[in-house]
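Assemble the whole structure, with the sequences as input and the hints as a guide.
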Amino acid sequence: MYKIDSTKLVKSYLYGDTIEMTTANGQQEQTIKVISGKRYVNLETGEIHDMDTSSSTRLDNLKSTKQTMKKLRRLVAHNFTGGINQLWITLTYRDHVTDPAIVYMDFKAFIRRIRNQFGNVDYITVIEPQASGRWHLHVLLKNDSELTIPNNDLAKMWRKGFTKTKRLKRADKVGNYLIAYLSNLQIGDEGSQNKAIIKGARLYMYPKGIRIYRTSRGIEKPLEITTTKGELIETYKINSPPTFSRTTKHETPYGVKEYTTEFYDNLKSLSDTFIGATDKLSR
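Here my numbering is used: position 116 in the sequence shown is 116, and no number is missing along the way.
If you're looking for bench data, these hints aren't it; they were derived computationally from the structure.
None of the values given here were measured: they were computed from a predicted structure.
The reader is advised that the hints may include incorrect statements.
What the hints assert, rightly or not - Pairs of lysine-lysine, DSS-like flavour, derived with a Cα cap of 30 Å: (1) Lys249 to Lys8; (2) Lys8 to Lys237; (3) Lys166 to Lys229; (4) Lys71 to Lys221; (5) Lys3 to Lys38; (6) Lys229 to Lys70; (7) Lys3 to Lys208; (8) Lys257 to Lys8; (9) Lys3 to Lys229; (10) Lys173 to Lys268; (11) Lys156 to Lys66; (12) Lys249 to Lys221; (13) Lys268 to Lys169; (14) Lys11 to Lys71; (15) Lys257 to Lys208; (16) Lys108 to Lys156; (17) Lys71 to Lys164.
So this is what it looks like as structure tokens:
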């Protein structure tokens with residue numbers, strides 16, 4: 001049974017073969033109004049307050065990081081579905097490099113060497129914090145034909161430390177897999193039977209303001225549409241219940257709100273109707 005009524009206005013994200021729709025559509029009853037001087041007025045009481053723009057607490061930064069990871073998951077799922085033209089590369093440092101600016105400068109040099117040899121390869125690169133303070137880079141690569149880079153060649157192009165290459169398979173849920181890898185923290189040695197995984201623990205390690213991922217120009221953004229659930233069901237010929245759904249509560253400027261999100265996966269009709277349906281809903 002559907003949890004979101006067909007008449008409900010939803011914010012939807014179309015990526016890969018998935019439609020994600022949520023009642024958190026951004027169109028809530030306004031109870032505050034931003035005014036000059038970094039202040040806002042409570043429309044119900046008339047009181048004026050200063051805005052807290054610091055976002056310096058760990059909780060504020062965690063919320064921002066989680067939102068970034070949601071955007072990243074959709075972006076990856078939209079552009080990387082697995083195949084002989086796609087690779088997941090991990091780049092590590094032999095030295096104790098802790099400055100993200102240096103990491104991204106080294107990556108720019110690395111991707112230039114890749115493109116000099118393999119042409120205009122598209123990428124999503126994601127920075128990953130380590131408990132030691134060092135950084136790793138995860139790079140998703142793809143081009144228009146088969147992409148094979150021996151790990152020894154890859155290490156020569158990276159020049160900064162160890163590298164690891166993984167072929168992305170079509171059976172992988174690449175977006176979900178990558179985000180879980182980036183979010184969870186392993187405690188214990190790699191080969192130990194006593195190692196444990198703490199879900200979400202790595203998210204606390206991202207510092208405020210860091211740019212977690214970057215993309216090349218050829219990476220396409222997921223489509224965002226605000227319409228009724230019924231219109232989406234009809235347009236994209238969805239004839240099965242959601243693959244997964246969840247309901248969550250959130251603190252907002254308008255009070256505690258409850259939102260429901262539904263995921264519809266493996267929609268074969270999505271690629272066939274993408275352009276036409278987009279035009280129809282955008283009018």
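Quick rundown of the hints versus the structure:
Under the criterion of a C-alpha separation no larger than 30 Å, the hint pairing Lys249 with Lys8 is consistent with the structure, at around 18 Å. Taken as a hint, the Lys8 and Lys237 pair is honoured in the structure, with Cα atoms around 18 Å apart against an allowance of 30 Å. Proximity of Lys166 to Lys229 is assessed by CA-CA distance (about 38 Å); at most 30 Å being required, the pair is judged violated. At most 30 Å may separate the alpha-carbon atoms for a hinted pair to count; Lys71 and Lys221 meet this at roughly 10 Å.
Between the alpha carbons of Lys3 and Lys38 the distance comes to roughly 39 Å, so the proposed pair goes past 30 Å and is violated. As the CA atoms of Lys229 and Lys70 are separated by approximately 21 Å, the hinted pair is consistent with the 30 Å bound. A hinted pair counts as satisfied when its Cα atoms are at most 30 Å apart, and Lys3 with Lys208 does not qualify at roughly 36 Å. Restraint check for Lys257 and Lys8: satisfied, since their Cα atoms lie roughly 15 Å apart, inside the 30 Å limit.
At most 30 Å may separate the alpha-carbon atoms for a hinted pair to count; Lys3 and Lys229 meet this at roughly 11 Å. Taking the CA atoms of Lys173 and Lys268, the gap is about 16 Å. The hint holds against a cut of 30 Å. With a CA separation close to 34 Å, the supplied pair Lys156 and Lys66 exceeds the 30 Å bound. For the given pair, Lys249 sits about 27 Å from Lys221 by alpha-carbon distance, which is consistent with the 30 Å threshold.
At roughly 18 Å between alpha-carbon atoms, Lys268 and Lys169 fall within 30 Å of each other, so this suggested pair holds. In summary, the hint linking Lys11 to Lys71 is supported, as the alpha carbons are separated by about 14 Å, within the 30 Å threshold. For the suggested pair Lys257 and Lys208, the alpha carbons sit about 26 Å apart, so the restraint of at most 30 Å is met. Restraint check for Lys108 and Lys156: satisfied, since their Cα atoms lie roughly 15 Å apart, inside the 30 Å limit.
As the CA atoms of Lys71 and Lys164 are separated by approximately 25 Å, the hinted pair is consistent with the 30 Å bound.
The structure is inconsistent with the numbered hints 3, 5, 7 and 11, although it conforms to all the rest.
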